[in-house]
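If you want the building blocks of each chain, they are given just below.
2 protein chains.
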Amino acid sequence: MEFEAFLLSLGTSAFIFLVLMFLFTWLSRRPGNVSIYYPNRILKGMDPWEGSSLTRNPFTWIREAFTSSEQDVVKLSGVDTAVYFVFLSTVLRIFALSSLLILPILLPLAATDNSIKNTRNEADTTSKGTISQLDNLSMANITRKSSRLWGFLGAVYWISLVTYFMLWKAYKHVSTLRAQALMSADVIPEQFAILVRDIPSPPNGQTQKEFIDSFFRDIYPETFYLSLVITENSKVNKIWKGLEGYKKKLARAEAIFAATSTRPTNKTGLLGLVGEKLDSIEYYTDLINESMAKLETEQKKVLAEKQQTAAIVFFTDRVTAALAAQSLHSQMVDTWTVTEAPEPRQIIWENLKIKFFTRLIRQYLIYFIVAVTILFYMIPIAFVSAITTLDNLQKAIPFIKPVAKITFIRTVLESYLPQIALIIFLAMLPKFLMFLSKSEGIPSRSHAVRASSGKYFYFSVLNVFIGVTLAGSLFDNLKALQQKPNSIVTVLATSLPKNATFFLTYVALKFFVGYGLELSRIKPLIIFHLKKKYLCKTEAEVKEAWYPGDLSYATRVPSDMLILTITFCYSVIAPLILVFGVIYFGLGWLILRNQALKVYVPSYESYGRMWPHIHTRILAALLLFQVVMFGYLGVKLFVWATFLVPLIVTSLIFGFVCRRKFYSGFQHTALEVACRKLKQSPDLEEIFKSFIPHSLSTHKPEDHLFKGAMSRYQDYAAISAA
Amino acid sequence: MEFEAFLLSLGTSAFIFLVLMFLFTWLSRRPGNVSIYYPNRILKGMDPWEGSSLTRNPFTWIREAFTSSEQDVVKLSGVDTAVYFVFLSTVLRIFALSSLLILPILLPLAATDNSIKNTRNEADTTSKGTISQLDNLSMANITRKSSRLWGFLGAVYWISLVTYFMLWKAYKHVSTLRAQALMSADVIPEQFAILVRDIPSPPNGQTQKEFIDSFFRDIYPETFYLSLVITENSKVNKIWKGLEGYKKKLARAEAIFAATSTRPTNKTGLLGLVGEKLDSIEYYTDLINESMAKLETEQKKVLAEKQQTAAIVFFTDRVTAALAAQSLHSQMVDTWTVTEAPEPRQIIWENLKIKFFTRLIRQYLIYFIVAVTILFYMIPIAFVSAITTLDNLQKAIPFIKPVAKITFIRTVLESYLPQIALIIFLAMLPKFLMFLSKSEGIPSRSHAVRASSGKYFYFSVLNVFIGVTLAGSLFDNLKALQQKPNSIVTVLATSLPKNATFFLTYVALKFFVGYGLELSRIKPLIIFHLKKKYLCKTEAEVKEAWYPGDLSYATRVPSDMLILTITFCYSVIAPLILVFGVIYFGLGWLILRNQALKVYVPSYESYGRMWPHIHTRILAALLLFQVVMFGYLGVKLFVWATFLVPLIVTSLIFGFVCRRKFYSGFQHTALEVACRKLKQSPDLEEIFKSFIPHSLSTHKPEDHLFKGAMSRYQDYAAISAA
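Protein sequence lines correspond, in order, to chains A and B. Residue numbers are given in this note's numbering: position 175 of the first sequence equals residue 175, and the series is strictly consecutive. Residue numbers are given in this note's numbering: position 659 of the second sequence equals residue 659, and the series is strictly consecutive.
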């Protein structure tokens with residue numbers, strides 16, 4: 001790819017970004033779109049705009065994002081979101097502070113050398129085949145063994161030190177953030193409960209529930225409150241879901257009737273297309289009554305007969321719950337295992353019954369599957385990367401040829417094709433990884449998100465970054481690797497400079513087009529308006545159409561991490577990338593701040609438990625960077641490259657120290673945190689009820705009286721099941 | 001070494017054993033020796049002999065050992081000793097059960113083949129240079145690629161399966177043993193306390209003690225009892241030790257005066273040899289009074305000014321203490337770190353103040369030092385092993401030559417020299433390793449013993465076993481290793497058979513002479529009688545002279561482990577060693593049972609916390625055996641050797657599963673164990689007092705009143721120190 005193509009690609013991206021920004025400014029001011037651009041504020045019962053929509057300055061959102069405090073974010077979007085912003089700002093600071101010293105020193109150092117002109121050594125250029133202006137600003141332009149390499153070595157040190165410093169500060173900050181949230185004087189239901197798994201079979205004459213109660217009452221005679229035995233709910237859930245569906249359809253039929261004054265009808269056969277024609281309102285009312293009866297029977301059956309080997313145990317105070325969640329209850333570690341209870345809304349109910357060693361086996365099996373997936377995805381990625389160069393496409397699909405001759409289209413295709421292929425490819429993966437993570441037997445959604453985002457990170461670094469880098473000269477590299485299997489670092493280091501332009505374009509595409517689409521919300525907007533016009537009949541259906549969902553960390557964090565890894569690894573080889581990194585994380589911070597405050601609604605709260613994972617992965621990226629630089633300085637025949645070894649060791653020690661100092665505070669609730677006084681004594685009945693799944697609690701959500709009876713009923717049913 | 005030398009060495013060992021047994025039978029019946037052969041029973045206030053000493057059958061002790069139950073051992077010598085016997089009997093069972101199948105199958109398989117006669121391949125013989133009858137019974141006599149090797153492969157599987165089965169049973173048993181002991185209805189002081197380290201500096205205006213008390217009172221408002229702040233005691237300890245010394249000397253002077261009616265005198269100068277001559281009784285009385293005053297001043301000063309950043313915190317019930325010991329107290333993991341409190345008698349007081357990261361650094365530093373020690377001890381051991389062959393000695397010390405020509409002496413020297421050199425060499429090490437382990441900052445003696453015995457194990461396996469094996473043909477091996485650095489397993493496997501006779505002799509020496517000396521207690525007996533006759537004047541001094549000490553696991557367990565490793569590794573190559581292994585662990589069980597019941601007095605109780613370490617090391621030895629067999633079957637060009645790979649993986653999985661299932665139960669006190677009811681409500685005042693060090697509690701141990709005041713005083717002093 002030539003320099004012009006790079007500039008053009010940048011220009012196109014910037015142009016798309018400007019168009020999207022304009023669309024956002026225009027669309028977000030129209031009252032009809034308010035539920036797309038301000039759903040979080042609406043759901044929180046706030047005024048979407050503080051002022052009038054017409055007199056608003058189009059850049060108000062920027063001011064609002066900048067003036068919002070961390071506490072605003074916590075209040076409107078939870079601790080997890082605030083932690084995500086700590087991540088964005090930390091990385092932004094790392095790159096900004098790094099460039100402050102690196103750009104003014106390394107760019108002149110590189111520009112005034114002339115290795116490329118002199119040697120015309122292909123292995124040293126940053127573009128494939130041809131030489132571009134970008135190369136003159138990169139390490140490729142430095143002569144081998146040159147003492148200028150000291151500057152680049154120093155830059156690695158500078159970036160590393162800045163990273164350690166910022167990470168340390170951030171970890172401390174997030175730790176405080178988490179502690180403050182957990183200290184909350186408000187009642188957080190899950191702080192009064194623990195999750196108990198691997199409960200052994202009760203002795204003869206005792207029900208599961210009696211057994212659990214007597215076990216915990218022996219240990220906590222004064223603070224044990226109640227236990228909620230986990231049940232096998234698949235059937236009752238199905239009935240309940242059916243019921244909810246019928247209710248919606250009934251509401252819809254009634255809305256149509258109210259609007260058109262003709263009673264709607266529907267057919268009972270396949271997809272409502274064939275079969276008898278019936279009055280919808282009557283039909284669904286009948287179905288609802290039928291389901292309600294079924295639900296009640298099944299509910300009784302579930303509570304009496306389908307008790308599993310897990311339970312949620314409630315205590316009368318937070319300290320006991322925090323103590324209990326951290327302590328060994330049984331001499332045999334694979335029975336009565338305890339953990340902190342997850343939030344009710346994020347419990348993965350069907351995983352709770354999975355046994356200790358089954359969970360372990362599943363976990364390792366899935367690690368193995370992921371490893372295999374990572375390994376074998378590399379092959380198609382390499383092919384995609386090879387095929388999507390235009391020359392290869394022309395050979396494969398001849399009719400493209402005339403189109404490709406138009407210079408403009410040609411350059412656009414040349415600059416975007418590989419990146420687009422890559423992005424599509426990666427979009428297919430997260431669901432698969434999430435499915436795998438849930439299969440591990442993880443009890444909560446936030447934990448599954450962490451597990452899946454970890455897998456996605458290693459996947460994207462290994463496949464996208466290393467894969468693309470090596471694939472550029474796949475066959476040469478394979479040959480080299482066969483001869484010297486230990487030289488993977490050297491091969492990677494030599495291949496890196498050739499792909500600098502590719503990754504510069506990739507980052508630019510991500511921030512211009514990616515964040516442009518993010519802010520303008522074109523896709524949700526169009527879908528919402530289509531649904532509203534043609535499908536939605538009831539208020540509930542309209543709300544469902546605009547409901548924004550959450551920030552979806554499972555894909556967002558790893559994708560940021562990939563940009564971070566790329567920026568780290570090129571920060572010294574092609575320092576210009578630091579500018580792109582700063583823009584990516586700066587723009588990201590700004591735009592997502594707006595989205596967090598106004599758009600997305602968090603679907604769970606894990607009080608920043610994501611942070612240690614983010615921290616470890618930033619360090620992993622730094623380590624990769626240091627190793628790659630060690631290799632590349634070696635390629636440049638710079639003997640002092642060995643000076644990087646202590647830095648690599650420092651990174652490992654830094655990671656170890658951070659883990660020892662901070663990690664347990666994220667795994668457990670520290671007692672000094674749990675012992676803070678509450679505003680008022682907790683309503684334990686309410687806490688208990690919040691953990692009962694919808695399908696078991698009641699079929700009339702308004703009927704509080706009945707709900708109370710249910711929880712009592714459950715006790716009764718469990719005891720009488722003996 | 002020739003076969004005759006081996007037989008002679010066995011014979012000599014057996015003869016020494018018989019002599020020692022006879023001495024034991026004779027000496028142990030004499031009433032004057034009762035405090036050497038029955039000290040544990042005397043100290044427990046029991047009758048040393050149940051019947052009369054004269055009518056006693058000389059083999060009664062064997063019957064008594066066999067009929068004693070595990071509960072007897074627990075009662076007389078504690079859980080740790082019982083666990084040690086579980087270890088001995090488990091290994092005994094492994095070897096006995098293994099030989100049952102292996103000896104009748106492998107010995108004929110080996111004896112009827114004739115690889116040695118046919119090939120005269122030196123690398124395949126079990127003795128160095130010459131061929132002996134022993135070789136015919138070993139794997140060395142099996143022809144390469146022979147299908148008989150299937151039998152040997154099967155034997156590896158058999159031994160491994162037997163080991164897994166026995167280890168699993170033993171771990172379960174020990175786990176129950178530990179739980180039962182911890183469930184005890186008697187008050188165990190340390191079950192009511194936790195050890196808190198890394199306490200941050202108190203805020204202004206608070207003393208360390210106030211700060212600690214308020215921190216724990218916030219978290220445990222109802223169950224917190226008191227805290228005991230750790231103090232810097234080196235000076236007060238010194239004064240107290242001086243005082244105790246003077247008291248002993250005064251008692252001694254008084255005893256002399258009572259016996260001889262002349263007032264004893266002593267000189268004040270160097271070693272009591274020079275200087276002024278004084279009346280001893282007056283002199284020591286003066287010194288005692290002086291020290292008492294000094295002690296009291298220093299005690300006040302210590303309590304007021306020398307408070308450290310650690311404390312022992314007491315609770316009013318066991319469950320809270322067990323919960324607290326397992327839970328994270330501070331959001332920052334390196335402050336307020338908690339562990340279960342060790343027994344008062346085994347606390348290493350001066351280690352408690354060491355800070356979190358200092359402990360970590362010390363730990364890794366010491367691992368490094370131990371690794372270096374292991375590596376560099378190998379060199380002198382190799383030399384010892386090379387020099388102590390008789391031929392080399394003759395060259396080095398020519399005047400040995402005439403003596404060495406006498407056949408008898410020659411054979412004795414030939415068979416014992418290397419072993420004796422080895423034993424002396426290893427005797428120098430334990431103190432050094434114990435010093436290193438204590439320097440890690442470990443808070444209790446039992447933990448230090450575990451740490452040091454672990455180091456000793458890896459040391460002895462790596463240096464003695466592998467070292468001696470490889471040193472036999474050091475230079476050949478070094479050459480081989482230089483060419484193929486990955487071939488360490490193969491080199492080890494080829495060298496093993498050559499050393500079979502050496503290790504057979506080593507094991508025999510250990511059980512005949514080692515256990516003979518153990519049972520007959522010749523050395524303590526002689527020392528006791530000498531001391532009693534020439535040195536001891538007071539009753540206390542006599543008791544000190546016969547006080548037996550404990551089983552000293554720090555050296556005993558690793559030395560058993562070395563025998564275990566040797567037996568494992570040769571069990572298939574030279575199956576005869578299984579017989580020796582069975583005798584070693586059988587005889588060991590019998591003789592140590594007698595010693596545990598009658599002689600040794602445990603100096604601490606860790607409730608079997610040693611077991612997981614023993615377990616892991618037995619598995620490590622098994623793994624080494626499997627790897628070595630994989631190598632040796634490879635040397636025999638047996639392609640099916642790969643069938644051992646699944647076995648090696650199984651060992652790793654077995655270890656992992658055991659660790660997950662059982663280990664936490666040894667690390668912590670499970671709550672189902674801690675929640676058992678006590679016989680009576682605990683005397684918390686007494687529990688608190690038991691943790692006050694002697695030097696701080698009082699200078700008159702009988703004065704209970706003063707003791708009570710002291711603990712109150714401590715509260716007072718700490719508070720008034722603000």
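Hints listed in this document are in silico derivations from the structure and should not be mistaken for laboratory results. Check the hints yourself; a few may be wrong.
Straight line, CA to CA, 25 Å or less: simulated BS3-like cross-link-like pairs of lysine-lysine [stated by the list, open to error]: (1) 169(B) with 355(A); (2) 661(A) with 249(B); (3) 355(A) with 661(B); (4) 438(B) with 355(A); (5) 248(A) with 44(A); (6) 537(A) with 267(A); (7) 661(A) with 172(B); (8) 661(A) with 355(B); (9) 353(A) with 661(B); (10) 661(A) with 169(A); (11) 235(B) with 306(B); (12) 438(A) with 661(B); (13) 537(B) with 267(B); (14) 355(B) with 172(A); (15) 241(B) with 306(B); (16) 169(A) with 355(B).
Violated hints - listed by number, lowest first:
2, 4, 7
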